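Make the full structure from the sequences, and use the hints.
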Amino acid sequence: MKLTIPEEELMYEGTVDCQGCGGALAMRYALKALGKKTFVVIPACCWSIIAGPFPYSALQVPLYHTAFETAAIVSSGIKAGLEMKGIDATVMAWAGDGGTFDIGIQALSGVAERNDDIIYVCYDNEAYMNTGIQRSSATPYKAWTTTTPRNYPKARPKKDIDEILVAHEIPYVATASVAYPEDFIRKLQKAKEIKGTRFIHVLAPCPTGWRSLPEHTIKLARLAVQTNIFPLYEVENGKYKINIKPKNPKPVEEYLKLQGRFRHLTEKDIKEIQEATNKKWKKLLRKEEFF
Amino acid sequence: MEKEMYEVRFHGRGGQGAVTAATILADAAFREGKDVQAFPIFGVERRGAPVAAFMRMDAKPIDIKTQIYEPDSVVILDPTLLDVIDVTKGLKENGKIIINSSKKATEFKFGKAKVYTIDATKIAMKYGLGAKTNPIVNTAILGAYSKAVGNVGIEAIEEAIGEKVPRKKEENKKAAREAYEETRGE
Amino acid sequence: MVKKVIYGNHAVSYGARDARVEVIAAYPITPQTQVVELLSEFCASGELKAKFIKVESEHSAMAACVGASAAGARAFTATSSQGLALMHEMLHWASNARHPIVMANVNRAMGPPWNIWTDQNDSMAQRDTGWMQFYCSTNQEVYDTTLMTFKICENDKVLLPGMLSLDAFVLSHTSEVVDMPPQEEIDEFLPPYKAKYKLDLEDPRAFGSLMFPDWYYELKYKQHTSMEEALKVIEKVGKEFGDHFGRYYGLVEEYRIEDAEIILVVSGTIAQTSKDAVDVLRKEGMKAGLVRMRTFRPFPKEKIRKIASKVNKMIVIDRSISFGSEGAFFTETKACLYNEKDRPEIYGIIIGLGGRDVTVEDIMKIAKKGKEGKFKINEINWWGVKL
Numbered sequence: 002m003k004l005t006i007p008e009e010e011l012m013y014e015g016t017v018d019c020q021g022c023g024g025a026l027a028m029r030y031a032l033k034a035l036g037k038k039t040f041v042v043i044p045a046c047c048w049s050i051i052a053g054p055f056p057y058s059a060l061q062v063p064l065y066h067t068a069f070e071t072a073a074i075v076s077s078g079i080k081a082g083l084e085m086k087g088i089d090a091t092v093m094a095w096a097g098d099g100g101t102f103d104i105g106i107q108a109l110s111g112v113a114e115r116n117d118d119i120i121y122v123c124y125d126n127e128a129y130m131n132t133g134i135q136r137s138s139a140t141p142y143k144a145w146t147t148t149t150p151r152n153y154p155k156a157r158p159k160k161d162i163d164e165i166l167v168a169h170e171i172p173y174v175a176t177a178s179v180a181y182p183e184d185f186i187r188k189l190q191k192a193k194e195i196k197g198t199r200f201i202h203v204l205a206p207c208p209t210g211w212r213s214l215p216e217h218t219i220k221l222a223r224l225a226v227q228t229n230i231f232p233l234y235e236v237e238n239g240k241y242k243i244n245i246k247p248k249n250p251k252p253v254e255e256y257l258k259l260q261g262r263f264r265h266l267t268e269k270d271i272k273e274i275q276e277a278t279n280k281k282w283k284k285l286l287r288k289e290e291f292f
Numbered sequence: 154m155e156k157e158m159y160e161v162r163f164h165g166r167g168g169q170g171a172v173t174a175a176t177i178l179a180d181a182a183f184r185e186g187k188d189v190q191a192f193p194i195f196g197v198e199r200r201g202a203p204v205a206a207f208m209r210m211d212a213k214p215i216d217i218k219t220q221i222y223e224p225d226s227v228v229i230l231d232p233t234l235l236d237v238i239d240v241t242k243g244l245k246e247n248g249k250i251i252i253n254s255s256k257k258a259t260e261f262k263f264g265k266a267k268v269y270t271i272d273a274t275k276i277a278m279k280y281g282l283g284a285k286t287n288p289i290v291n292t293a294i295l296g297a298y299s300k301a302v303g304n305v306g307i308e309a310i311e312e313a314i315g316e317k318v319p320r321k322k323e324e325n326k327k328a329a330r331e332a333y334e335e336t337r338g339e
Numbered sequence: 172m173v174k175k176v177i178y179g180n181h182a183v184s185y186g187a188r189d190a191r192v193e194v195i196a197a198y199p200i201t202p203q204t205q206v207v208e209l210l211s212e213f214c215a216s217g218e219l220k221a222k223f224i225k226v227e228s229e230h231s232a233m234a235a236c237v238g239a240s241a242a243g244a245r246a247f248t249a250t251s252s253q254g255l256a257l258m259h260e261m262l263h264w265a266s267n268a269r270h271p272i273v274m275a276n277v278n279r280a281m282g283p284p285w286n287i288w289t290d291q292n293d294s295m296a297q298r299d300t301g302w303m304q305f306y307c308s309t310n311q312e313v314y315d316t317t318l319m320t321f322k323i324c325e326n327d328k329v330l331l332p333g334m335l336s337l338d339a340f341v342l343s344h345t346s347e348v349v350d351m352p353p354q355e356e357i358d359e360f361l362p363p364y365k366a367k368y369k370l371d372l373e374d375p376r377a378f379g380s381l382m383f384p385d386w387y388y389e390l391k392y393k394q395h396t397s398m399e400e401a402l403k404v405i406e407k408v409g410k411e412f413g414d415h416f417g418r419y420y421g422l423v424e425e426y427r428i429e430d431a432e433i434i435l436v437v438s439g440t441i442a443q444t445s446k447d448a449v450d451v452l453r454k455e456g457m458k459a460g461l462v463r464m465r466t467f468r469p470f471p472k473e474k475i476r477k478i479a480s481k482v483n484k485m486i487v488i489d490r491s492i493s494f495g496s497e498g499a500f501f502t503e504t505k506a507c508l509y510n511e512k513d514r515p516e517i518y519g520i521i522i523g524l525g526g527r528d529v530t531v532e533d534i535m536k537i538a539k540k541g542k543e544g545k546f547k548i549n550e551i552n553w554w555g556v557k558l
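Protein chains in written order, with this note's numbering: chain A, 2 to 292; chain B, 154 to 339; chain C, 172 to 558.
It is worth saying that the hints were derived from the structure and are not from the lab.
Hints may contain errors.
Quick list of in silico lysine-lysine cross-link-like pairs, DSS-like style, CA-CA up to 27 Å [unchecked claim]: (1) C:K458 <-> B:K300; (2) B:K213 <-> C:K454; (3) B:K322 <-> C:K536; (4) B:K213 <-> C:K174; (5) C:K557 <-> B:K213; (6) C:K175 <-> A:K38; (7) C:K365 <-> A:K38; (8) C:K175 <-> C:K410; (9) C:K557 <-> B:K242; (10) A:K288 <-> A:K193; (11) C:K174 <-> B:K322; (12) A:K86 <-> C:K220; (13) B:K245 <-> C:K454; (14) C:K458 <-> C:K539; (15) B:K321 <-> C:K175; (16) A:K86 <-> C:K367; (17) C:K536 <-> A:K37; (18) B:K213 <-> C:K220; (19) C:K328 <-> A:K86; (20) C:K458 <-> B:K327; (21) C:K458 <-> A:K196; (22) C:K225 <-> A:K196; (23) B:K242 <-> C:K391.
Beta-carbon label-pair distances, calculated as ranges [claimed, not checked]: (24) C:G456 <-> B:E223: 24 to 30 Å; (25) C:D371 <-> A:P172: 27 to 33 Å; (26) B:E323 <-> C:D374: 58 to 64 Å; (27) C:M281 <-> A:L286: 50 to 56 Å; (28) C:D374 <-> A:K246: 45 to 51 Å; (29) A:P172 <-> B:T233: 51 to 57 Å; (30) A:E14 <-> C:D385: 55 to 61 Å; (31) A:E268 <-> C:M281: 29 to 35 Å; (32) A:Y57 <-> C:D513: 51 to 57 Å.
Derived coverage of chain C by chain A (criterion: at least 3 residues anywhere in the stretch with Cβ under 8 Å from a Cβ of chain A; other residues may be distant) [said to hold, decoys possible]: (33) 189-202; (34) 330-339; (35) 382-389; (36) 460-474; (37) 518-528.
Note that the structure is predicted; figures quoted are calculated from it, not measured.
All C-beta atoms in this analysis are idealised placements derived from N, C-alpha and C, irrespective of residue type, glycine included.
Have a look at this one:
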C-alpha cells in the first residue's frame with residue numbers, strides 16, 4: 002500500500018486522549034508534515050494531558066508545556082533563543098481554541114503583528130474541553146456546552162479567527178480538517194518554507210464534547226467541509242484560495258444531527274444556521290474573487 | 154565649598170532643558186573630581202509646565218538620596234516662572250540666583266541672595282538652539298552658572314556638553330562660553 | 172574602564188549590555204522606560220547582539236523570556252509595579268521551570284490611585300514566586316548587581332531566576348557616577364550561558380508535563396534547597412566580583428555596627444540616606460549602626476542572627492506594608508530570630524510609601540525614639556502619617 006503522506010511516525014502510540022479524539026490525530030499529521038527538526042509548545046489544553054504525564058512524552062521532538070495565554074509568545078521566545086544559538090528549526094505553537102481565540106489572543110495578536118517567525122496551529126474542538134466542555138468564542142452558534150445549557154445555548158456566532166489573522170497581514174493563514182490529511186500536511190509543509198507568522202486552524206472533532214460517536218470523528222470533519230460550515234481555504238500574502246468547493250453542498254442538518262450538542266435545535270434554528278452558512282460561504286467566494 | 158556638599162536647583166518649563174542642565178552640570182563637576190547626583194522633580198513632565206531639576210556635588214562620596222530642600226544656588230531658565238512659583242524657596246541665606254533675563258541683575262531683589270543675569274535666550278537664538286517660542290537655554294545658563302558660582306569650570310562644562318548633548322554640540326559649547334564671558338552680577 | 176554619569180535605568184541597560192544578554196522581551200511602563208529604550212538603541216546599533224521582542228504586555232514579556240531561556244539563551248526583562256503584578260503567573264512559571272532569567276524591577280507603588288513614585292509593595296507582593304530578590308541603593312550597585320545576578324542565577328546549584336530592584340526616580344531617574352569595567356574583564360567574570368537543561372533536537376524531551384503528587388513535592392524541595400544554596404553562591408559571586416573589579420558585595424552591607432547599641436535594618440535608597448544619619452548620630456554620641464539588606468530572597472537568616480546577637484535594639488524600616496500584618500523585612504527579621512536565646516528588642520517602622528521622601532532628619536528621629544524605647548512594641552509604627 003502506498004502512502005500519500007510521509008511515513009515516519011514522530012508521535013508514540015498510547016497517547017492519553019479520548020476515543021476518537023480529532024486533536025490527537027491532528028498532531029500525528031502535523032509532525033509527519035514538519036519532521037524531526039521541530040520544537041513544539043503546548044499551552045494548557047487537552048494536549049497538556051495527551052502528551053502524557055511525567056516521566057513520559059508522547060512526542061519524539063522537544064516539547065515545552067507552557068501557561069494558557071502564552072503559546073504564541075513562548076514559541077516566539079524559543080525561536081529567538083534558538084536563532085541566537087545558531088539553530089535552524091521550526092517552532093510550532095500547538096494550542097486549543099481556548100488558548101487561541103480567547104485567553105491566548107493577545108499574545109497571538111502580538112506575535113502576528115510583529116510577524117514573529119513561528120508556525121501556530123490551533124486544533125479547534127470548539128469549547129474548553131479539557132476543563133469539562135465550557136463554551137469558548139470558538140463554540141458554534143446554538144451549540145450546547147456546560148456553560149451554554151440547552152435552554153440557553155450559545156447565542157453568538159463562532160469568532161472568525163482566520164479573518165482576524167488575515168487582518169494582521171501575516172504571510173500565511175489556512176484552515177484544515179483532520180478528514181483531509183493530504184491537504185493539512187501540504188499546508189504545513191508549505192508553511193514550513195515560509196518565514197514569519199504562519200497560522201493554521203484545523204477542525205478537530207471531539208466526541209466527548211460534541212456528544213458524537215468516536216467512530217464519526219472523520220465523518221464529521223468531512224461533513225463540516227462538505228456543508229460549507231468549515232471551508233478549507235488559504236490566504237497567502239493576502240490572496241484567498243478556496244481549496245474545496247463542494248459542487249452540491251450537503252445540508253447543514255446532515256452534520257448537525259450527528260452531534261448531541263445540537264440535539265435541541267428546532268427546525269427554525271437549523272434553517273437559521275443554513276442561511277448563515279450560505280451567507281458566509283458567499284462572502285468567502287467574493288473574497289477569493291476580489292483578493 | 155570643598156568640604157561641604159553643594160546643592161543647586163534649576164527651574165524651567167517642560168521642553169526647555171532644565172533637567173538636562175542638571176545632568177550636564179553633574180557631568181561637568183564629575184569631570185573635576187567630585188561625586189555627583191542629578192535628578193528631576195519626580196513628576197509627570199509636560200511641555201510648557203513648570204519643572205524643577207536638582208544636582209548635588211561633593212568632594213566626598215554622596216550617600217544621601219533625598220530631595221533638595223535648601224539649595225545653595227537656584228538657576229532660572231524661564232523668567233516668567235518668577236511670577237508663578239516661589240523660585241527661591243529654601244534657598245540658603247547667602248545663596249546665589251542665576252536668571253535668564255535681558256534685565257540687569259540689579260533690577261532683581263531677593264533678600265540677601267546674590268543675583269546674576271544673562272540673556273541666555275538671545276545667546277541661544279544666536280546659535281540656533283531651539284525655536285523663538287522655545288529657545289533651548291540650558292547650555293548658555295550653565296555658562297552663566299560657572300561664572301557666577303565658580304565651583305565648576307567652563308572647560309568641564311564644555312566637555313560635559315560634548316558628552317550629554319545629542320545635537321549641535323559645538324553651538325551649545327559656544328553658547329555656554331559666551332554666556333560665561335558675559336555674565337554679570339550685582 | 173569607563174566612568175559615566177548615568178541614570179539608574181541606564182545603569183541597568185549598560186549592565187544587561189555588558190552581560191551580553193541574548194534575548195530581551197520587554198513592555199514599557201513608567202518609570203522603567205529608559206531601560207528598554209537604551210537597550211533598543213544598543214540592539215539597533217549592533218552594540219548588543221541580541222533579539223529584542225517588543226511584546227504587547229508584561230505577561231508576554233515574561234513568557235517570551237521563559238521561551239528564550241528554555242532554548243538555552245540568556246534572557247532579560249525589566250518592569251515595574253503594575254507590570255510586575257501582571258507578570259505574576261509567569262514569575263511562578265519561570266522559577267518552577269528553573270530558568271535563570273534576570274529581571275530589573277523599578278520599585279514603584281501600586282495603584283489605584285496612580286502613583287509612579289517609589290515603595291516596595293510591588294516586589295514584596297512577589298516574594299513567594301521563587302525568585303531571588305536583591306535591593307540596590309546606588310546606580311553603581313544597580314550596574315554591578317545586574318552582572319552578578321546573571322552569574323548567581325546561572326550557577327548549576329541555583330538555576331533560579333533573579334530580580335534586582337531599584338527605587339523609582341530616586342535611582343531610576345537620578346544620575347550618578349557609574350564605573351563600567353572593560354568588556355574583556357566582564358567576559359572573564361561572566362562567561363556565556365551554557366544551559367544545563369534546554370530544549371534540544373539531539374535529546375528531545377518534554378518540559379513541564381503533568382506531574383502527580385507522587386513527585387511534585389520533591390521538585391519543590393529541590394527548588395527550596397537551591398534557594399538556600401544561593402545564599403552561599405551570592406556571597407561567593409560577590410567576592411569574585413570584588414576580586415575582579417574592586418567592589419565587594421555580600422548578602423547584606425554592614426555599616427558601623429561593631430560596637431553599636433542600636434542597629435537600623437534598612438534597604439534601598441533609604442539605607443544610603445540612613446548612613447548619613449548614622450554618622451551624625453555617632454558624632455552626637457549615639458552608637459548607631461546600620462545593616463543594609465541587599466538580599467531579601469533567600470532571606471539571610473544566619474547573617475541577621477549573628478548581627479542581632481551583639482545588639483540590644485534593632486529598628487527595621489520598611490518601605491512596604493502587607494495589609495493586615497506588617498512590613499516585609501520586619502516580619503522576616505523577627506521570624507529568623509524567634510528561636511534565639513538572646514534576642515534584641517525590635518521595632519517595626521513603616522515609611523515612605525508612594526515615594527514620600529525620607530530625610531536624614533527622619534532617620535535620626537527614628538533612631539532616637541527607638542533608643543528611648545518610645546515605639547510600640549507589638550504593633551508597627553507608621554512614620555509621618557498626617558492623620
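> If you check each hint against the structure, which ones fail?
Replying inline: Hint check: 1, 3, 5, 6, 17, 18, 20, 21, 23, 30, 31, 34, 36, 37 fail, others pass.
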